[in-house]
Amino acid sequence: MTFLRAAWSEVVGLFVADWVQSGVIVVILAAGWLLVSRVGTRALVVLVLLLAAQLVWFARAEARRLLSSGPL
Amino acid sequence: MGTAAALISLTVLVLFFGQLIVTRVPESSLKLLVGTLLLLFGLRWLHKAVLRSAGVVALHDEDRAYRQTVSELRGAGARQDWVGFVLALKGVFLEGLEVVFIVLAVGGTGRGMPVAIAGGLFAMVVVAAAGVVVRKPLARVPENTLKYAVGVALASLGTFWAAEGMGASWPLDFVSILGLAAVYFAASRLAIFMIRRPVAA
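Protein sequence lines, in the order shown, are assigned to chains A and B.
The first sequence lines up with residues 39 to 110 when you count with the numbering used here.
The second sequence lines up with residues 14 to 214 when you count with the numbering used here.
Be aware that one or more of the hints could be misleading.
Counterexamples of contact, computed for chain B against chain A with all Cβ distances above 10 Å [unchecked claim]:
id, residue
1, Val25
2, Val63
3, Ala67
4, Gln81
5, Pro127
6, Leu159
7, Ala168
8, Ala181
Not everything, but these chain A residues come out facing chain B in the computed CB check (under 8 Å) [unchecked claim]:
id, residue
9, Phe53
10, Ala55
11, Val58
12, Leu67
13, Ala69
14, Gly70
15, Leu82
16, Leu85
17, Leu89
18, Leu93
19, Phe96
20, Ala97
21, Arg98
22, Glu100
23, Leu105
24, Ser107
Read the hints as simulated data drawn from the structure, not as lab findings.
Ideal Cβ positions, reconstructed from N, Cα and C, are used throughout, including at glycine.
Produce the entire structure from the sequences given, and follow the hints as far as they go.
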């Protein structure tokens, strides 16, 4: 049972490292879907920029957190 | 035995889910679902690669990981066979799951499952052969660079398919994936630059 639980958490871990970041990505995709249905292809620019921006934001936030919690 | 059990389980997964996906799931829903998962998967790799490239997280050392596992196994004593079985099963199955996911994603969304399976098997044979022939030099392959590139590629493919699943059509079709890769690469370089700057100051 412990092995199965560990395996399941590893499988989830393939897609999710930080639940907040994953939630933000899903919200961006949902907003992109809504925008695409209203404005069409032009919405793709916003979608891609938001996805790229969240990468920068969360990487920087985690780096700050790791650096403030002590040496490597 | 552990490796064999893991390979059999992975084969069953590909055959079962591959058939199910190709025959039952509408293409747009599949693209949206697989695109989203591929995006989450790719961005997770890219996120890690950014932190490693910026020097915040230590680079992954395969050689050290191998030595650590061997020393753990030696300390297992009488339970060695069982521990070895579980370690091989866990390692091959979990690492293989990533390959299975990519094969199902690429094969299912492109409706080219046999080609995707053949590609996955070919890659497995090449990697196994390379592992046997050039084990030592392989330990020196810049793993983070490879993961960085794969992260950019998977995030780009994921974005492309997720948007197609939403009903959008990309200008220049598949060529747009190159543009997406350029955007993700630029964003990751920006993140590395912004993380490194305060450290150096």
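Q. Leu159 (chain B): least C-beta distance to chain A exceeds 10 Å?
A. holds (17 Å)
(Q) Using Cβ atoms and 10 Å as the threshold, tell me whether Gln81 (chain B) really stays out of contact range of chain A. (A) holds (18 Å)
Q) Would the hint on Leu67 (chain A) stand, with a C-beta cut-off of 8 Å toward chain B? A) holds (6 Å)
Q.
Would the hint on Leu82 (chain A) be counted as holding, given a Cβ-Cβ threshold of 8 Å to chain B?
A. Status holds, d = 6 Å.
Q) Taking 10 Å as the cut and beta carbons as the points, is Pro127 (chain B) off the interface with chain A? A) With a cut-off of 10 Å, Pro127 (chain B) remains clear of chain A, as the shortest Cβ separation is near 24 Å.
Q: Grab the minimum C-beta distance from Glu100 (chain A) to chain B and call the hint holds if it beats 8 Å, violated otherwise.
A: With Cβ-Cβ at 6 Å, under 8 Å, it holds.
Q. If you take the shortest Cβ to Cβ gap from Leu105 (chain A) to chain B, is it below 8 Å?
A. It holds, given that the least Cβ distance between Leu105 (chain A) and chain B is near 6 Å, below 8 Å.
Q | chain B contact restraint on Ala69 (chain A) - CB to CB distance below 8 Å | A | Nearest chain B Cβ about 11 Å off; hint violated.
Q | chain B contact restraint on Leu85 (chain A) - CB to CB distance below 8 Å | A | holds (7 Å)
Q: Report holds or violated for the interface hint on Phe53 (chain A), using the least CB-CB distance to chain B and a cut-off of 8 Å.
A: Since chain B brings a Cβ to about 4 Å from Phe53 (chain A), closer than 8 Å, the hint holds.
Q | Beyond 10 Å from every chain A Cβ - status for Val63 (chain B) | A | Nearest chain A Cβ is 4 Å from Val63 (chain B), so the label is violated.
Q. Beyond 10 Å from every Cβ of chain A: is that where the Cβ of Ala67 (chain B) lies?
A. violated (6 Å)
Going down the numbered hints, you'll see the structure goes against 2, 3, 7, 8, 11, 13, 24, while the others check out.
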